[in-house]
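Chains as they are written, first to last, in this note's numbering: chain B, 682 to 743; chain R, 2 to 248; chain V, 699 to 948.
FYI, nobody ran anything at the bench for these hints, they're computed from the structure.
Some hints here could point you the wrong way.
To be verified - Capping the alpha-carbon separation at 30 Å, the derived lysine-lysine pairs in DSSO-like fashion look like this:
{"#": "1", "chain 1": "B", "residue 1": "Lys727", "chain 2": "B", "residue 2": "Lys742"}
{"#": "2", "chain 1": "R", "residue 1": "Lys30", "chain 2": "R", "residue 2": "Lys16"}
{"#": "3", "chain 1": "B", "residue 1": "Lys727", "chain 2": "V", "residue 2": "Lys705"}
{"#": "4", "chain 1": "R", "residue 1": "Lys97", "chain 2": "R", "residue 2": "Lys30"}
{"#": "5", "chain 1": "R", "residue 1": "Lys97", "chain 2": "R", "residue 2": "Lys25"}
{"#": "6", "chain 1": "V", "residue 1": "Lys761", "chain 2": "V", "residue 2": "Lys940"}
{"#": "7", "chain 1": "R", "residue 1": "Lys97", "chain 2": "R", "residue 2": "Lys17"}
{"#": "8", "chain 1": "B", "residue 1": "Lys727", "chain 2": "V", "residue 2": "Lys940"}
{"#": "9", "chain 1": "V", "residue 1": "Lys794", "chain 2": "B", "residue 2": "Lys727"}
{"#": "10", "chain 1": "V", "residue 1": "Lys705", "chain 2": "V", "residue 2": "Lys794"}
{"#": "11", "chain 1": "R", "residue 1": "Lys97", "chain 2": "R", "residue 2": "Lys183"}
{"#": "12", "chain 1": "V", "residue 1": "Lys940", "chain 2": "B", "residue 2": "Lys742"}
{"#": "13", "chain 1": "V", "residue 1": "Lys794", "chain 2": "R", "residue 2": "Lys183"}
{"#": "14", "chain 1": "R", "residue 1": "Lys183", "chain 2": "R", "residue 2": "Lys25"}
{"#": "15", "chain 1": "R", "residue 1": "Lys17", "chain 2": "R", "residue 2": "Lys30"}
As the list claims (entries may be wrong) - Have a look at the derived ranges for each label pair, beta carbon to beta carbon:
{"#": "16", "chain 1": "V", "residue 1": "Asn792", "chain 2": "R", "residue 2": "Gly75", "range": "37 to 47 Å"}
{"#": "17", "chain 1": "V", "residue 1": "Leu909", "chain 2": "R", "residue 2": "Asp243", "range": "13 to 23 Å"}
{"#": "18", "chain 1": "R", "residue 1": "Arg112", "chain 2": "V", "residue 2": "Val719", "range": "50 to 60 Å"}
{"#": "19", "chain 1": "B", "residue 1": "Ala697", "chain 2": "R", "residue 2": "Gly145", "range": "45 to 55 Å"}
Stated by the list, open to error - Selected chain V positions facing chain R (in silico; Cβ < 8 Å):
{"#": "20", "residue": "Val830"}
{"#": "21", "residue": "Glu832"}
{"#": "22", "residue": "Leu835"}
{"#": "23", "residue": "Ala854"}
{"#": "24", "residue": "Thr883"}
{"#": "25", "residue": "Val886"}
Bear in mind that the values here come from a model prediction, so they are computed numbers and not experimental data.
All C-beta atoms, glycine included, are put in the ideal place defined by N, C-alpha and C.
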Amino acid sequence: MDPILEVIYSTVLSSAPYLIAAYALMWAVMLIYIIYSNRSLSNTEKQLSALEEAITQLESKA
Amino acid sequence: MSKKNDAQQMSATYKKPSTFQHYKILLGKDLRREFRTREMLTSMGIYTVLVLVIFGIALMQAPEKVDILQMAGGLFWAIIVFTSLLGLNRSFSYEKEDGALEGILLVPLDRSVIFLSKLTANLLFLLIVEIIAVPLFYIFFLSGLPMHPTLPWALLPLLVGTIGIAGVGTLLATITINTRGKDVLLALLFVPLIVPLLYACVSATTLAITGSPTLMDAYVPALALAIGYDVIMILVSWVLYDFVVSA
Amino acid sequence: MSNKTSKLDALALPFLIIGGVLIIFAFVFNFTVTPMALGDIEVPEPAMIGGKIVTTTLLLSQKIFFYHMPVAVISMVALAFTAAYGIMFLRTRNTKYDIRAQTATEMSLVFVSMTMVSGVAWTRHDWGAWWVWEPRLITYLILMLMVIAYFILRTAVSDPERRATYSSVFGIIVAVNAPISFMITRLVPSTHPVVFRSDSGLPPLMLIPLLLTILGFSLIAFALFRQRVRARQMEEQVESLKLRLDDLRG
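Using the sequences provided together with the hints, build the complete structure.
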């Protein structure tokens, strides 16, 4: 094997798993938070519209 | 004092007590209460001994060659942190009984006086416990070892650290009395906040105990930073105390 | 809801998308254009870590820095916002500042977590251990603990006004404490060898992805902040509507 390539691979490959892990974990944290945020927002929106509907119904009856 | 002055004082029907008098009365109340019941001091003192015993057992299997002098500063500070947590938890719990704190708040006084008096009381109790803890620690872990002449310098970071612990702890203890699971919560809020102080104090204490030749080069900045922490954190706590105690 | 608020909310989604594009662009740039080491290929000076001499020769792990540093900066900025909103709450007693302070701390927690995971991965490769008691790591660990403690404090107080006051006060103290702990952990001479590094100026090819990442993550943080604030405001509305519904039903 080419000695220069060997040196390059030995420095690059050993750190590659940690590099991939670092970026993957950072993206994962961000994405999980974005998904959580979106879901809680849409849930609250649903609740809000349902409650508003119920209140208008009750008020029109009264 | 002249007669004229006396007459003036007698004619005065009401004299607003000074802030310093408020401080003395509040501090006196805490000290009298403690010296009658000795609740905090006994529990803190016994707790200190227990932690010392735990450290002794934990280090028992360590080989003789381990340099205890390098570790002594850190171990001692661990005792101080644990013991102060216990004391701080207690320092406010009795104020909740029979609405004692509400009573104090009804008095038209500067709220920061409450902070200062509580801080002083906590500081005094901690110092009293340390008076017991320091010789015990010496007997259990350091006796029989050749001591460096710089050893007394370890007392200075101890004082600075205790002031900081009492200052930050008083504010946090006031926050946690009104929360659920207050004992655990105080530890959670308190320990991370005092880490910088602990870092500086452990460094200064270890330098004094090991008596390294470059002692003063490293000791002085460590102590100065600990003092800086004290000043900043106590000022911030003092300003914020009004909001906390009246919430 | 005021007009100004809805305008900022309208910006949230575009900001999120622009921020995402920016950080992806910086990511690609970082791996395709940016050189591996400063200047020509030369070995940086060896550093002492935990009593071992470590030479950092052209390691791919250095690329972690391009996301790690921006994320750390933003976590600190978010904490400054926590303190600022905390002060505003204590001055005005307006609940909207408490909601913002809480959300800013949440941002800080997200970005502190990202800093920690990337930092630990880097530490594991370059220093050979998942954890080293080293100033930077200690500071970030206690920062993370303080931010977590902030949320535990919030759940432990039931009265809303009291909760807002306590968490504002604690938020301010944390924001004051963070720079102090940075200072102390760096300036106190440790009895153990410390990492000495003189960070010289970065060449433009390194600076570009770094600045783009900072900008991109700032936009994302802003967008998420607005979204969370809106969600919290709506949650409050839901609670008040629930009470009204109970009243109407009698």
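Identify every previously stated hint that the structure contradicts and give their numbers, smallest first. Those not satisfied are hints 6, 17, 20, 21, 22.
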